[in-house]
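Now for the letters of each chain:
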Amino acid sequence: KAGVTQTPRYLIKTRGQQVTLSCSPISGHRSVSWYQQTPGQGLQFLFEYFSETQRNKGNFPGRFSGRQFSNSRSEMNVSTLELGDSALYLCASSLGARGTGELFFGEGSRLTVL
Amino acid sequence: EDQVTQSPEALRLQEGESSSLNCSYTVSGLRGLFWYRQDPGKGPEFLFTLYSAGEEKEKERLKATLTKKESFLHITAPKPEDSATYLCAVLHAGGTSYGKLTFGQGTILTVHP
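Protein sequence lines correspond, in order, to chains A and B.
Mapping to our numbering: the first sequence position 10 is -5, numbers consecutive.
Position in the second sequence counted from 1, then plus 37, gives you our numbering.
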């Protein structure tokens, strides 16, 4: 069974640009969550989608947005990039009709903002 | 404020030297506590779920326990391959019907041969 796939794995952007990250969950998983991981802040929750609907959102500015498609694949977008957005962005999936902590993570997309 | 605190931040052990990692939490409406292992450059890997005080789970050299205010991850006779960052996460009410998952900062475990 294929795991959670995130693309791209690495990317470098400059301040002010925007970026789109993609996540394909495990087959059959309908919930997708996104996290930002930095050495100083640890794992910070961004948002969660279930059946194309955002059902939870973390405390991030509106520059961070996401969506989920009918095939459960998800994308997140960060606009007007800032240096502080440099981080590992992790996607996790679960079967997920109800909230759970049993998540399956991808390997992440490492974003560097110059 | 909902908080999850892990200690120590880093732990260095000799191979075979048993020890414990701690995860303490102050949240409202606990729904579950979860342990993960994260290797460098990888996403976290799910290890255990604990739902109620007194519950224990074991997997190889790892045993997780839960009380009303904290959880311990006991590592018995660790090997170098157990070196990783161990994360705990707490699912709590968080003001939503689906619950909110809050992660601790992690404990970096290094096991020397």
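Hint data in this document are derived by calculation from the structure and do not stem from the laboratory.
Note that the structure is predicted; figures quoted are calculated from it, not measured.
Backbone N, C-alpha and C define an ideal beta-carbon position, used for all residues, glycine too.
Among these hints, one or two may not hold up.
Stated by the list, open to error - Selected chain A positions facing chain B (Cβ under 8 Å, derived; list incomplete): (1) LEU28; (2) PHE30; (3) ARG40; (4) ASN41; (5) PHE45; (6) PRO46; (7) GLY47; (8) THR85; (9) GLU87; (10) LEU88; (11) PHE89; (12) GLU92.
Against the structure, the hints:
1. LEU28: 4 Å, holds
2. PHE30: 7 Å, holds
3. ARG40: With Cβ-Cβ at 6 Å, under 8 Å, it holds.
4. ASN41: 6 Å, holds
5. PHE45: 14 Å, violated
6. PRO46: 19 Å, violated
7. GLY47: 19 Å, violated
8. THR85: 7 Å, holds
9. GLU87: 6 Å, holds
10. LEU88: 6 Å, holds
11. PHE89: 7 Å, holds
12. GLU92: Hint holds; A/GLU92 Cβ to chain B Cβ min 5 Å, cut 8 Å.
Of the numbered hints given earlier, the model fails hints 5, 6, 7; all others are met.
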